[in-house]
Amino acid sequence: MTLTPKTQQKPKVAVYKFSSCDGCQLSLLNLEDELLDLAAAVDISYFLEATRTVKPGPYDVGIVEGSITTPHEAERIKEVRQQCKFLIALGTCATAGGIQALRNFASAGEYAKTVYAHPEYLEYLETSTSIPENVPVDLVIWGCPVNKNMALEAIAALLQNRRPRFPPSPVCLECKRNGTICVVVSQGIPCLGPVVHGGCGALCPASGRGCYGCFGPSSVANFNALVQGMQPRDRYPNETATLLRSFSSAAPAFKTAAELAYKLGANPASAHGGKETL
Amino acid sequence: MMNEKNLTIGSTVALPKAELDHLLADLRSNGYQTVGPRLQDECIVYKEIESLQDLPRGLLSEQKPASYRLIQTGQDRYFDFIPAGQSWKQFLFPPRQHLFSAQKNSSEVHAEGHTAGRNTKWQIKADDAPTPRYALVGVRACELAAIAVQDRVFMRSDFTDPIYRARREGLFILAVNCLHPNATCFCVSMGTGPRHKAGFDLCLTEMDDLFLVEAGSELGLSLLARRTYELPSAFVQTAANRATELAAGKMGRSLDTSDLPGVLTGHLDAERWNQVAKRCLSCANCTQVCPTCFCWEAFDKTDVLGNKTSRERVWDSCFNPNFSYVFGGNTRPNIRSRYRQWLTHKLGAWKGQFDVLGCVGCGRCITWCPVGIDLTEEVAAIRQEVKA
Chain A
76 MTLTPKTQQK
86 PKVAVYKFSS
96 CDGCQLSLLN
106 LEDELLDLAA
116 AVDISYFLEA
126 TRTVKPGPYD
136 VGIVEGSITT
146 PHEAERIKEV
156 RQQCKFLIAL
166 GTCATAGGIQ
176 ALRNFASAGE
186 YAKTVYAHPE
196 YLEYLETSTS
206 IPENVPVDLV
216 IWGCPVNKNM
226 ALEAIAALLQ
236 NRRPRFPPSP
246 VCLECKRNGT
256 ICVVVSQGIP
266 CLGPVVHGGC
276 GALCPASGRG
286 CYGCFGPSSV
296 ANFNALVQGM
306 QPRDRYPNET
316 ATLLRSFSSA
326 APAFKTAAEL
336 AYKLGANPAS
346 AHGGKETL
Chain B
726 MMNEKNLTIG
736 STVALPKAEL
746 DHLLADLRSN
756 GYQTVGPRLQ
766 DECIVYKEIE
776 SLQDLPRGLL
786 SEQKPASYRL
796 IQTGQDRYFD
806 FIPAGQSWKQ
816 FLFPPRQHLF
826 SAQKNSSEVH
836 AEGHTAGRNT
846 KWQIKADDAP
856 TPRYALVGVR
866 ACELAAIAVQ
876 DRVFMRSDFT
886 DPIYRARREG
896 LFILAVNCLH
906 PNATCFCVSM
916 GTGPRHKAGF
926 DLCLTEMDDL
936 FLVEAGSELG
946 LSLLARRTYE
956 LPSAFVQTAA
966 NRATELAAGK
976 MGRSLDTSDL
986 PGVLTGHLDA
996 ERWNQVAKRC
1006 LSCANCTQVC
1016 PTCFCWEAFD
1026 KTDVLGNKTS
1036 RERVWDSCFN
1046 PNFSYVFGGN
1056 TRPNIRSRYR
1066 QWLTHKLGAW
1076 KGQFDVLGCV
1086 GCGRCITWCP
1096 VGIDLTEEVA
1106 AIRQEVKA
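Line by line, the protein sequences give chains A and B.
For the record, in the first sequence the residue sitting at position 245 is 320 according to our numbering, with numbers rising by one throughout.
For the record, in the second sequence the residue sitting at position 324 is 1049 according to our numbering, with numbers rising by one throughout.
Please keep in mind that the hints were generated in silico from the structure rather than gathered at the bench.
Check each hint, because a few of them may be wrong.
[To be verified] Examples of chain A residues lying across from chain B (beta carbon under 10 Å, computed):
no.	residue
1	Ile174
2	Leu177
3	Tyr199
4	Ala232
5	Arg240
[Unchecked claim] Distance condition first, Cα-Cα at most 25 Å in a straight line; then the derived PhoX-like pairs of lysine-lysine:
no.	chain 1	residue 1	chain 2	residue 2
6	A	Lys85	B	Lys846
7	B	Lys1033	A	Lys223
8	B	Lys1026	A	Lys223
9	B	Lys922	B	Lys975
10	A	Lys160	A	Lys223
11	A	Lys160	A	Lys85
12	B	Lys789	B	Lys1003
13	B	Lys1026	A	Lys85
14	A	Lys130	A	Lys188
15	B	Lys789	B	Lys975
16	A	Lys85	B	Lys1033
17	B	Lys1026	B	Lys850
18	B	Lys975	A	Lys330
19	B	Lys922	B	Lys1076
20	A	Lys338	B	Lys1003
21	A	Lys92	A	Lys130
Cβ coordinates follow ideal geometry from the N, Cα and C atoms, glycine included.
With the sequences and hints as input, model every part of the structure.
This is the structure in structure tokens:
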């Protein structure tokens, strides 16, 4: 689709929040140097985190943060889809269910009882699901939070009628371009970098820790080989498994890989297919 | 002090260790940026050094497939570690390089908004950052051989990369003979080391109390002539020769180069390719640490209004799934085809392309592969399979 207007009217953009921490919306607002250009290029019509002024739909572009965790959200996302010509899932909650998808491996009811004095007032779904699992989506942008430049690139690409440049190469390539020394080889730290989609700028290894995969799987990742290579390096029980069972845990590749890692770690949890219990 | 007139290219002198510091200062005052070994994140890396003080001392690197550890030797020598975590190619072929930026003519921007018209004029501004002049301190024989390989890639008679050439032509090379090869080293097999033959400005052999320094160029000679040095005793020279001979016997690995590339390129359907594909992460680490791998990608960064763009060149890799994407699909769609491409290029097609093999035996791809895939083992396995 192209957003290049035939008239002088600017494309209308809406930003929505579902179950999330707002970090990805804040990443958009963090585009300090580019925000004026962005406001000149598009009409930000619905963005409650930024302004209470709401212009009516339909919208040319919808940007959705968060995952679907309540019956109300499951209905609301369908309305959003109908309101927006081009729908972008922004951030790992929207693309894979986010950290709250850990409930998918346990019992949401048990969690609710632990946290709330009166869980009977809550209405929630048993699982946290991504936006593409609920409605068709035109573009996904991974990250917890997203890299603000990737979000900007998506909008620029739409305006310029081209594909956004999201290289499918793994985090390792970014470490090497940055001159960051591999934490796996030099320090024996398990790291998911070799199978994780780049775009974050390889932030974690630069701080001396392994990648935990918040940018999701890279397109051709060999998760089997990764788990075989990393699990023996675990510095505490199930280190590799828990890296996989975090922000992108509900992404299918992460799910299978975590099960393998638990199995290799011969942890009691593996007997239950890697399920955590409270 | 020896008479300066007696020094010629090929002369070797005994230099007190502290004199190296003055030599570095001379290089810097002559406009060179001195880069050499430094300690970072439990690894030796190559970075700017201002004086001898910046160099780590008394460290040995223990390298195995997928493992790099520094060990304290208890001595205070400078150059006992072997190939660092990074190669020197970052200084000649930078991992990120701005090429040019372009700006839309302002009056037309006003007239046309953010839609580019047919007559839009762009002002192109080439990258005008001054080319740094590097003095590389501590270049090993395999690393110098790797620079010679990249020279053939980037400075061909029919094509020259201007960025590489400008940096290469201003280069000063202070070489070091390796005395402690490691478990992933095989420069002897590739005929590149451990002892330097030519191509350097100065070459050091580190002894406990002094450096033996050989002059390899007029520039090296003139720098050396300004220092306080002595003629090396026959005893020291014999000891240094003995040490480099011993080093040649300490290779942790070997690679049989007979009938390369045929043994690889003639057996593209070997079962071993399937096996290595199961272990390979396709993460590109081997190609990034390799001192000869030269693939890159250029792309444009455009602003949201479409008025400004800048083109950047970055390191790329044949393991990157996008690398072999062409209209209609990917010519190397799986890990098997990508690993096979890398090895058959490095140890095969490279020969026809550049008249030299693409491997110098530094062992970095073995050490820095997160799952420890060893190209010497892969070649041996294919050789074995072909024989059977």
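A quick look at each hint next to the structure:
Proximity of Ile174(A) to chain B is violated relative to the hint, the smallest CB-CB distance being about 25 Å (cut-off 10 Å). Because the beta carbon of Leu177(A) sits about 26 Å from the nearest beta carbon in chain B, more than 10 Å, this interface hint is broken. Because the smallest distance between the Cβ of Tyr199(A) and any Cβ of chain B comes to about 38 Å, over 10 Å, the interface hint for this residue is violated. Annotation: Ala232(A) was flagged as interfacial toward chain B, and the flag holds, the nearest CB pair being 9 Å apart, inside 10 Å.
Restraint check, Arg240(A) versus chain B: the minimum CB separation of about 6 Å is within 10 Å; hint holds. For the hint linking Lys85(A) to Lys846(B), the alpha-carbon distance of about 24 Å falls within 25 Å, and the restraint holds. With a C-alpha separation of about 19 Å, the suggested pair Lys1033(B) and Lys223(A) falls inside the 25 Å cut-off, and the hint holds. Taking the CA atoms of Lys1026(B) and Lys223(A), the gap is about 14 Å. The hint holds against a cut of 25 Å.
For the given pair, Lys922(B) sits about 19 Å from Lys975(B) by alpha-carbon distance, which is consistent with the 25 Å threshold. Our distance criterion of 25 Å between C-alpha atoms is met by Lys160(A) and Lys223(A), whose separation comes to about 22 Å. This hinted pair checks out: Lys160(A) and Lys85(A) have alpha carbons roughly 14 Å apart, not beyond 25 Å. Between the alpha carbons of Lys789(B) and Lys1003(B) the distance comes to roughly 21 Å, so the proposed pair stays at or under 25 Å and holds.
With a C-alpha separation of about 22 Å, the suggested pairing of Lys1026(B) with Lys85(A) holds against the 25 Å cut-off. For a cut-off of 25 Å, the pair hint linking Lys130(A) to Lys188(A) is broken: about 40 Å separates their Cα positions. A C-alpha spacing of about 14 Å is found between Lys789(B) and Lys975(B), which places the hinted pair at or below 25 Å, so the restraint holds. Annotation: proposed proximity of Lys85(A) to Lys1033(B) holds, straight-line Cα distance about 19 Å (limit 25 Å).
The suggested pairing of Lys1026(B) with Lys850(B) holds, with an alpha-carbon distance near 14 Å, which does not exceed 25 Å. Distance check on the hinted pair: Lys975(B) and Lys330(A) sit about 45 Å apart at the alpha-carbon level, beyond 25 Å; violated. Pair hint Lys922(B) plus Lys1076(B) holds up; C-alpha atoms about 22 Å apart against a cutoff of 25 Å. At roughly 19 Å between alpha-carbon atoms, Lys338(A) and Lys1003(B) fall within 25 Å of each other, so this suggested pair holds.
About 16 Å separates the Cα atoms of Lys92(A) and Lys130(A), which keeps this hinted pair within 25 Å; it holds.
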